[in-house]
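Chemist: Which chain is which? The protein sequence lines are F and E, in order.
Under my numbering, the first residue of the first sequence is numbered 1, with each subsequent residue one higher.
Under my numbering, the first residue of the second sequence is numbered 1001, with each subsequent residue one higher.
There's no promise every hint is true.
Claimed, not checked - Simulated restraints, written as ranges between beta carbons of each label pair:
#1 E:Glu-1055 / F:Leu-319: 51 to 57 Å
#2 E:Phe-1191 / F:Glu-5: 51 to 57 Å
#3 E:Val-1194 / F:Arg-215: 38 to 44 Å
#4 E:Leu-1049 / F:Leu-370: 43 to 49 Å
#5 F:Val-182 / E:Leu-1290: 54 to 60 Å
#6 E:Arg-1115 / F:Glu-5: 36 to 42 Å
#7 E:Leu-1290 / F:Val-199: 29 to 35 Å
#8 F:Leu-370 / E:Thr-1237: 34 to 40 Å
#9 E:Lys-1320 / F:Ser-209: 50 to 56 Å
#10 E:Leu-1049 / F:Ile-312: 51 to 57 Å
Hints in this document: simulated from the structure, not taken from any laboratory.
These figures come from a predicted structure and were not determined experimentally.
Built from N, CA and C at the ideal position, the CB exists for glycine as well.
Number of protein chains: 2
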Amino acid sequence: MHATEVLYELFLIFLLARIAGELMTRIHQPPVIGELLVGALIGPKALGLIHGESEALAAIAELGVVFLLFEVGLENRFSDLRRVGTTAAAVALSGVITPMLLGFLLMNSVFGSGRSVSLFVGAALVATSVGVTARVLADLGLIREIESRVILGAAVIDDVLGLLILAVVSGTAQGGLSAVKVVVLIAEAAFFLVFLATVGTRLMRRHGSLIDRVRLADGPFAVGVIICLGLAALAGTIGLAAIVGAFLAGMVLAETREQFALEERIRPLTNFLAPFFFVLTGTAVDVRSLGNPRVIGIGGAVLAVAIAAKLIPCGLAALKLGRRSALIVGTGMVPRGEVGIIVAAIGLRAGALPDDVYSIIVAMSILTTLIVPPALRVLFKDRLVPQAPTIGEITDEHVPAGPPPEDR
Amino acid sequence: MHATEVLYELFLIFLLARIAGELMTRIHQPPVIGELLVGALIGPKALGLIHGESEALAAIAELGVVFLLFEVGLENRFSDLRRVGTTAAAVALSGVITPMLLGFLLMNSVFGSGRSVSLFVGAALVATSVGVTARVLADLGLIREIESRVILGAAVIDDVLGLLILAVVSGTAQGGLSAVKVVVLIAEAAFFLVFLATVGTRLMRRHGSLIDRVRLADGPFAVGVIICLGLAALAGTIGLAAIVGAFLAGMVLAETREQFALEERIRPLTNFLAPFFFVLTGTAVDVRSLGNPRVIGIGGAVLAVAIAAKLIPCGLAALKLGRRSALIVGTGMVPRGEVGIIVAAIGLRAGALPDDVYSIIVAMSILTTLIVPPALRVLFKDRLVPQAPTIGEITDEHVPAGPPPEDR
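Chain F with its partners taken away, still in its complex shape (with noise of 0.2 Å):
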């Protein structure tokens, strides 16, 4: 009768993370907010519906965050990197580094945390949520403004290079830190990342039509998800995570996009798998550890810096688009979402992150998440259209399809 728990489990978390995710649609939130606080409810510090993780439920979640980052991948080529321009350049760029040095900075010589700690923090505070961002964008019906594409384009060097840090951050977690490690580290990420986007992205453009001669009922498909899964358990024995191969796995596949349109025949994994993975990270959280004072203080710290770093570097980034459109372009940047939260999981279970931190990093992620879209639609009152496009509508909006205007 095992096979029978391992289904009324899996159907349970299903049900009860999509139940959170319509109520999160409803109000205009994203869904994952609603699949985390599922977790929290459920999990063993709380309700205790679920015990710990079985090895079935782990895996299972491990597989849904991989798909999710190969999806992500897949609507970022290398080639549209080159194309972002300058301001969405800079604007990553400043965006990136700050929060690194000031997560770092804050925990290490403020609060006293080991450095392990608050690399990861750092880490954490990097990426911007790309899924995030499109969806408030695209819900207000302005993904096609100036600010937009700039915020965009930049999300795309920003998940790059926050996953480049990670894959150095998490390397570091295992067995501590040392200047060679590093150094390693540094290496393998890097060549790992320039090996793809150069040697696999000319090879996929050039002989990605190849994929047409598999004969089976799916074959790019089937491709597509050995490709993924290969790099994924690749970066995970050179010491990376795993989910940096998915990515990158993605980014190579996306320069057939027009071809094969694999987000569309990934979607449905991602879409049945990664709510386990958010409804398990939401069960490690410990919600009465966050009515502490110690953590309260800490965390209100985290929030401010995680929104500052970002609104004021890339918004100064963003100045000579004027003074309203930079404030925007600040404010678009701000939305941690899954990816902070991505973060602290793995730092959590590399045992590099205490559990109250890790709790502190989930609730930095959802607030700089349900700050920005009343933010946003206050900062475009003046030109929200009437007819919003649905929600359905901006799978292939939201990568930039060419150089933001400033820059032909």
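Keeping the supplied structure of chain F fixed, place chain E upon it in accordance with the hints.
Modeler: Positioned in the frame of chain F, the structure of chain E alone reads:
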């Protein structure tokens, strides 16, 4: 690093499964045969690349077979059952009763096996594989011939009756046979079936469009997965096989087929997950035991009964179409494909089937599937069209669109 090991195992299995599937496709055989052979090759009884089965792999395989049967259910509506025509119904009934009886008698009276083993062998001989039959007919470009429509109409009834038998047989495997238990299981299975066929179908037809009110990004997909997992877990809990619940969930949701095209949305899940089930099923096959003279004797007898018990009664039931057509219908009902294998796997896990009988049933399923394509090619040779449709085109065609012509 445990997560990485799981990813590596999944990568390896999926890679080998798809390579074997591709090779089979190229020699015009169903990919599932390649997946079973890969399993037998890398399993603990041969190369030993996979040692036993991890909990994670078992759960993923279970999900694979659950979604596979859900997808098969989605292609069969309860309302189609009433429309398959009298010839198809006669073919189906004679093709269910004869193999069940002969399979049971062969094992119980001739080879002296216990009642539980004999019941499982009978049940494994019942179900015609809709997938294999339809693909062969589509590959030959003959999906719209009258014989094809009778075969496919009969296969729908076959599936339903076969799973009803499986529900009862697998229930009796848990804790032996008793008259009371058999009656309870038959009542349960019949109630489950009739309740879903009447109330479920009516609810879905009248109120199925409510699914459209779900605002999640892929609402119909989420609702479908929830109903599938819920009924699968429920079926498992009341002592039926989980796949019976998944199949009936598919049949109920098939009523909304035109509106939501759920098969399309579920197929990527099946494409990813089902190969793990068949590879894992293959790992339990002991190829060497198939060389044992006693096993060869029993296996030969089972194979002969498997062929004769479909060919003769189904052919006789279709005799009014003419002799050649009756022979075609009888032949088309022979492949057991994945359904026989699924029944055997459930019997093995329930402890009701010994290893050698399990291997015999898997071999029988493979052989009946291998024999039919060349036989149909010979029988249809004067009607073969030069341009066969591609495999991808069969999806919406292999369910009869209306009653077979002779009933009009």
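Chemist: Evaluate each hint against the coordinates.
Modeler: Do the hints match the structure? See the list:
Take Glu-1055 (chain E) and Leu-319 (chain F): their Cβ atoms lie about 55 Å apart, and the range 51 to 57 Å holds. Taking the beta carbon of each, Phe-1191 (chain E) and Glu-5 (chain F) are about 23 Å apart, not inside 51 to 57 Å as hinted. Checking the proposed 38 to 44 Å range against Val-1194 (chain E) and Arg-215 (chain F) shows it holds: the Cβ atoms sit about 42 Å from each other. A C-beta distance of roughly 48 Å is found between Leu-1049 (chain E) and Leu-370 (chain F), which places it inside the suggested range of 43 to 49 Å.
For the pair Val-182 (chain F) and Leu-1290 (chain E), the supplied restraint of 54 to 60 Å holds, since their beta-carbon distance comes to about 56 Å. Separation of Arg-1115 (chain E) from Glu-5 (chain F) is about 28 Å and departs from the stated range, judged on CB atoms against 36 to 42 Å. Checking the proposed 29 to 35 Å range against Leu-1290 (chain E) and Val-199 (chain F) shows it is violated: the Cβ atoms sit about 46 Å from each other. For Leu-370 (chain F) and Thr-1237 (chain E), the Cβ-Cβ distance of about 39 Å falls inside the hinted range of 34 to 40 Å, so the restraint holds.
In this structure the supplied range 50 to 56 Å holds for Lys-1320 (chain E) paired with Ser-209 (chain F), their Cβ-Cβ distance being about 51 Å. The hinted range of 51 to 57 Å is satisfied by Leu-1049 (chain E) and Ile-312 (chain F), whose Cβ atoms lie roughly 54 Å apart.
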